[in-house]
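Here the protein sequences line up with chains A and B, keeping their order.
Here the first sequence is numbered in the numbering used here, starting from 5 and rising by one per residue.
Here the second sequence is numbered in the numbering used here, starting from 1073 and rising by one per residue.
Just so you know, these hints were derived from the structure itself, not from any lab.
It should be emphasised that the depicted structure is a prediction, and the values quoted were computed from it without experimental measurement.
Note that CB positions come from ideal geometry on N, CA and C, so glycine has one too.
Take the hints with a grain of salt, since some may be wrong.
[Said to hold, decoys possible] Listing some non-contacts, in silico: residues in chain A with all C-beta distances to chain B over 10 angstroms: (1) Ala18; (2) Phe27; (3) Ala70; (4) Ile156; (5) Lys162; (6) Met177; (7) Pro192; (8) Asn214; (9) Asp233; (10) Thr267; (11) Leu289; (12) Thr303; (13) Leu309.
[What the hints assert, rightly or not] Partial pick of chain A residues on the chain B-facing surface, computed with a CB cut under 7 angstroms: (14) Ala31; (15) Arg32; (16) Asp37; (17) Phe68; (18) Gly71; (19) Pro88; (20) Tyr90; (21) Ala94; (22) Asp95; (23) Gln135; (24) Tyr139; (25) Leu141.
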Amino acid sequence: MKDPYETLGLQKTATDAQIKAAFKKLARKYHPDLRPDDKTAVARFKEISAANDLLKDPDTRRRFDAGEIDASGAEQRPERPQQPFYRDFADGPGHAAQDGFADAATMEEFLARAFGGQRGSARDGMRARGQDVSYALPVAFLDAATGAARTITLQDGKTLQVTIPEGAEDRQMLRLKGQGMPGYGGGPPGDAYVELHIEPHAFFQRKDDNIHVDIPVTLREAVLGARIDVPTVSGTVAMTIPKGSNTGTVLRLRDRGLRNRKTALRGHQFITLRVVLPAADEPALAAFLEGWTPKHPDTPRKEMLT
Amino acid sequence: MIRMDDLLATTTDLRPDDLSRWIGAALVTPQAQAGETLFTEPDCARVQLLCTLRYTLEIEEDTLPVVVSLIDQLYATRAQLRALAAAVASQDASVQIEIVAALVPHTATR
């Protein structure tokens, strides 16, 4: 049993008023009904009350000071029957069980997980991996074709470095390990998943590892053949249009497609020619056609007309 | 059940006029049966709390209902929180984690 003066934080010479003030201050701090979460409050409050009971009575205080009774003697006096505290009814486990609630430990565990360590330290059972998070990232067609590094800024100000692999596919999911929500109770963080949404391109189209593109050519280039510049996903390339090419003629640029992620081989670029007539009036061309008799007359609609 | 006379006799410092006033203000609600005022065990504990608040902590009589009301709200909220915790605890682990994760952004940064 602790010395009652020590319990109340008083000198032996304390006045009655000082005893009363000290008890009031400590009772305000440790009354169990005012601290429903504090398991030590009942014991502390009993100790404070016992010390107060002993010291507030001048007779017992004198006998204690004279060494006639010890500190625990005060406790044995029948003056203060131990009554239950109000929280034992308003907040006790019995109350919880009656309503079909889980025990108090369930609540404490939940609160500790939900609101951090404020209500007791995390236990092993509450360790949990953080939540995974997912984001959708719009990616330009050419960035996906050639690969790119991007930094995305999340709503909470955190940034994520995302490496878009060469030849990335639409709806491809990238996993960024440990970049999700933080873990609980010392558990590891979750992962971030980034889904790539590849935007369409103005003229390139992708089919598997191959790129398809329509290339307009002039009448002269188609009839006479030509060397022209064409765009590819990895830059401009010069290619030869063979003499007598036509709308619908498909040419292949070997290894100018996308690199396959598994085989590391590149696909091809397929070019579909589209012959365009001169946009402006060309009297000389018209005059030529007026006087032109084809050597092999074409009947292009023959199969459509019966 | 404890009769009012017995309660007054066993509760240190409790004054009869204070107890009557607290009953009148519905700070404690004993049952009236056959002309007797009867206190349940929780009622007695509540009277003990009122005594501590009024006599030890020297809370003014006018202020006492405010303090008691706040304490009652605290325990009511705790009961609701416990019910919520029990409901969460009965869910699958993945659901529990999601609920807890949804709560995390609302707490102060740690």
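Broken hints, by number: 2, 17, 18, 24, 25
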